[in-house]
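Novice: One-letter residues, chain by chain:
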Amino acid sequence: MIINFTFKHLYRTCSYSYLILISLMLTSLSWSQTRNDNAVEKQSQKNSNQIFLSLSSTNKYSELKSNSGISLAIDPNNPALKEKYFTLTDSIDVDYETWESKKHFWIAASELAIVQFIPFAMAKWGTTWDDPADNWANVSLESWWRNISYGWEYDGDAFLTNYFAHPYHGNLYFNVGRTNGYNFWESSAWAATGSMLWEYFGETFRPAINDWVNTTINGITLGEVLYRLSAMLTDNTATGTNRVLREIGGALLNPLRGFNRLISGETGKLFPNPEDRKSKEYLVTVNAGIRSLDKDGEGDNFAKEHIEEGLFVFDMFYGNLFNENIKKPFSTFQLSLALSSGSPSLTRLQAYGNLFGRYLMNRKNMQHLLVATLDYNYFNNPGFIYGGTSVVPRLVSRFLIGESTRIITNVGIDLIAMGATPNDYFTDPEGRNYDFGPGIGIILRASIQNNIWDLVEIVYTSKWIYTQSEPASSRHNIHLLMISGQLPIRKYFAIGIGIGAYWRNSYYEDFPDVFRKNPVFRIFFKTALHY
Amino acid sequence: MKKYAIIIIILFTSLLSAQVMQNKEPVDLPASGSKFLSDQIIVQGLYIRTLGNFNKVWTSGSGGYVSYGMFFPDHNTLNFQIGYIDYELQEDLDSLNGSLYVIPLLIGGKYFFIDSRFMPYFSFMNGINIINQTISFEVEVDADGNENIHIDDTLGDETLVRYAWQVAMGIMINVVGGLNLDLAVKYNAHFYHAEAMNTGFEYGFGLVWSLNK
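Going line by line, the protein sequences match chains A and B. Under my numbering, think of the first position of the first sequence as 1, with each following residue one higher. Under my numbering, think of the first position of the second sequence as 1, with each following residue one higher.
To be clear, the hints were calculated from the coordinates, so they are not data collected in a lab. Hints are supplied without guarantee of correctness; some may be wrong.
To be verified - Below, simulated DSS-like cross-link-like pairs (lysine-lysine); rule was C-alpha separation at most 30 Å, straight line:
(1) A/364 x B/186
(2) A/364 x A/269
(3) A/327 x A/364
(4) A/328 x A/280
(5) A/103 x A/295
(6) A/328 x B/56
(7) A/328 x A/295
(8) A/103 x B/56
(9) B/56 x A/102
(10) A/103 x A/269
(11) B/186 x A/327
Stated by the list, open to error - Among chain B residues calculated to face chain A with C-beta under 8 Å, some are:
(12) 191
(13) 194
(14) 197
(15) 199
As the structure is a prediction and not an experimental result, all values here were calculated from the model. The beta-carbon is built from N, C-alpha and C at its ideal position, and this holds for glycine as well.
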């Protein structure tokens with residue numbers, strides 16, 4: 001539980017960390033860049049034509065720019081040209097053993113301690129508390145023993161803290177392991193251990209089971225997604241401004257990876273990229289438009305009760321389930337982020353990736369596969385709140401009905417380890433107005449796709465959440481139905497429309513049941529970067 | 001008597017099924033060529049000292065587990081565990097003549113730090129506890145933060161299902177062939193009631209048969 005440790009504090013923590021990291025990185029890069037430039041200069045002085053390099057050797061053709069600004073494209077594998085020109089491949093250390101090729105337990109443990117110490121120190125010494133007794137960082141042997149003796153509880157923190165700040169911290173714990181040579185499953189143990197240590201020994205409050213589950217499992221999901229995105233962005237063979245920007249971008253996405261590249265000297269070193277740096281294919285789309293939704297969920301007067309807000313949505317599809325090795329965790333994943341012009345700004349964050357899977361049928365025109373995914377869900381808008389941490393076994397099918405047209409269906413059973421949805425009668429003194437509990441649900445999705453566009457898409461999910469947090473006398477059945485269509489105008493541009501509704505039926509033992517229905521309508525423009 | 005019958009049935013069926021599995025399956029050597037680690041069958045006795053509010057009513061527990069560990073290279077096992085735990089009332093509540101026993105059904109993993117004759121390990125298990133009790137209690141916290149315990153001994157038999165969570169440090173010592181001794185200290189944080197989690201330190205001693213060794 002992190003009381004009063006809200007997004008603002010998280011933002012401040014991250015800002016300081018990033019500032020330090022980026023300063024170190026710029027210094028290191030400028031130093032290594034100077035070193036590289038000197039090396040290149042010395043080498044090029046040996047060449048009569050004074051040619052300098054600018055692009056990575058992973059490209060089939062390296063571009064050479066002369067001092068006069070003329071660009072040439074040469075094949076670096078051509079031995080005749082290699083003899084004549086100095087190429088970047090000469091300075092790439094092909095025998096270099098990467099930092100992540102070995103496990104660094106003590107460095108990982110130290111980084112875990114630092115990652116935990118920063119928010120702890122900020123609360124203990126960097127925050128002014130009206131009542132010093134509220135300072136949750138005043139831990140002692142007595143508070144540790146009390147936490148061990150009394151065990152778990154459900155905390156009273158705000159939704160944003162529990163379903164965004166904690167998963168983000170979990171991502172850091174996960175990446176402490178992941179960027180120090182541990183694989184996906186081993187790094188999951190780092191996330192679980194880091195979260196457990198924080199819950200028992202980092203705060204005076206009793207350990208919160210909802211925090212442990214959300215920090216660990218959602219941290220694993222976010223952690224692996226950010227690890228892969230960071231690896232995708234950085235390029236070990238790049239030089240110059242390109243390299244600097246890539247390293248900064250990678251470190252912003254994954255500060256632990258940025259830090260470890262810095263201390264290992266990889267930030268400014270030229271060495272081969274790992275084989276799995278990028279998925280075989282990926283798709284990035286952004287769409288922007290207007291969302292109109294019923295905010296109070298009475299459902300009988302949409303025209304009067306609706307609010308309109310601008311909505312910006314970023315989607316990243318990494319890999320393709322039908323083309324990747326789906327036995328490898330997160331060889332494919334989807335990340336979706338929605339920002340609203342209203343309040344709250346972060347209105348949706350979802351990520352899911354495959355844990356393992358197998359093909360049932362793999363014919364030219366029809367494929368079926370079974371895959372289990374790890375799902376993180378954060379929905380927070382004026383009409384609907386839901387947080388989820390799930391494992392979802394899915395049956396995914398693809399039917400080719402044209403040269404580039406296909407039908408995709410997706411049927412999943414949502415096994416919810418920790419779900420959260422509003423309670424209509426309860427507000428915790430610390431601000432929590434929603435219930436926690438495990439649950440089960442179904443996910444149904446069907447779409448007709450043409451190239452990169454979902455011409456028509458229907459999504460329906462229904463979940464039961466069985467409340468375990470106090471007051472534990474309720475259960476909730478929530479539904480989401482969304483039908484949308486996209487009309488491509490140009491190769492990378494489409495307009496879209498969506499209509500649907502959120503339902504929530506909440507059943508209380510001690511109070512009248514509550515049924516809410518929030519219709520929602522969207523119109524948007526969409527563009528895509530497809531590789 | 002009923003309790004002992006349940007223990008014997010659990011032990012007997014688990015061992016029997018493991019034996020049947022052994023007879024049916026061809027012998028598979030571990031892929032990694034590990035020295036001492038392989039699939040395992042574990043039989044373990046246990047004693048628990050409870051903590052917190054739970055300790056104010058139930059002071060200790062004793063029982064046993066049977067588990068099957070599936071080996072994954074290089075140092076891991078995926079464990080399936082079933083057991084039986086009988087809890088003891090506080091001495092001054094003996095007159096209530098109550099009983100509480102738990103059947104834990106747990107799944108989790110062990111990480112062995114080294115693969116040698118002495119194999120220290122860390123384990124995490126979680127799952128559900130099927131709890132049977134004849135008396136129940138609740139803890140009320142008043143406005144001053146004082147905790148008052150209310151005991152209800154009129155409910156008869158009540159069965160609850162609650163989430164169970166356990167971490168442990170232990171050591172497995174190879175004695176001869178596939179036979180090993182197992183010693184472990186575990187921390188339990190099982191769910192029971194909101195203000196009275198079933199927390200405690202558990203001490204285990206057992207025998208481990210490493211299959212295919």
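Novice: Need the status of pair residue 103 of chain A, residue 269 of chain A: alpha-carbon distance at most 30 Å?
Specialist: With Cα atoms ~20 Å apart, residue 103 of chain A and residue 269 of chain A stay inside 30 Å; holds.
Novice: Would you settle whether the hint for residue 191 of chain B is holds or violated, based on the nearest Cβ-Cβ distance to chain A being less than 8 Å?
Specialist: It holds, given that the least Cβ distance between residue 191 of chain B and chain A is near 7 Å, below 8 Å.
Novice: When you check the alpha-carbon spacing of residue 103 of chain A and residue 295 of chain A, does it fall within 30 Å?
Specialist: The given pair, whose Cα atoms are some 50 Å apart, is violated under the 30 Å limit.
Novice: Taking 8 Å as the limit, does the beta-carbon of residue 197 of chain B come near enough to a beta-carbon in chain A?
Specialist: It holds, given that the least Cβ distance between residue 197 of chain B and chain A is near 3 Å, below 8 Å.
Novice: Compare the distance between the alpha carbons of residue 328 of chain A and residue 56 of chain B with 30 Å, and conclude whether the hinted pair is satisfied.
Specialist: 48 Å, violated
Novice: Keeping to a limit of 30 Å between CA atoms, is the pair of residue 186 of chain B and residue 327 of chain A held or broken?
Specialist: 33 Å, violated
Novice: Keeping to a limit of 30 Å between CA atoms, is the pair of residue 364 of chain A and residue 186 of chain B held or broken?
Specialist: 53 Å, violated
Novice: Has the given pair, residue 56 of chain B with residue 102 of chain A, been kept, meaning a C-alpha gap of at most 30 Å?
Specialist: The given pair, whose Cα atoms are some 49 Å apart, is violated under the 30 Å limit.
Novice: Report holds or violated for the interface hint on residue 199 of chain B, using the least CB-CB distance to chain A and a cut-off of 8 Å.
Specialist: Since the shortest Cβ distance to chain A is 4 Å, the answer is holds.
Novice: Hey, does the residue 194 of chain B contact hint survive, CB to chain A under 8 Å?
Specialist: 5 Å, holds
Novice: Holds or violated: residue 328 of chain A with residue 295 of chain A, Cα cutoff 30 Å?
Specialist: Given that 30 Å is the threshold and the Cα spacing comes to 41 Å, the pair is violated.
Novice: Would the pair residue 327 of chain A and residue 364 of chain A pass a check requiring their Cα atoms to be no farther apart than 30 Å?
Specialist: 21 Å, holds
Comparing the model with each earlier hint shows violations of hints 1, 2, 5, 6, 7, 8, 9, 11; every other hint is respected.
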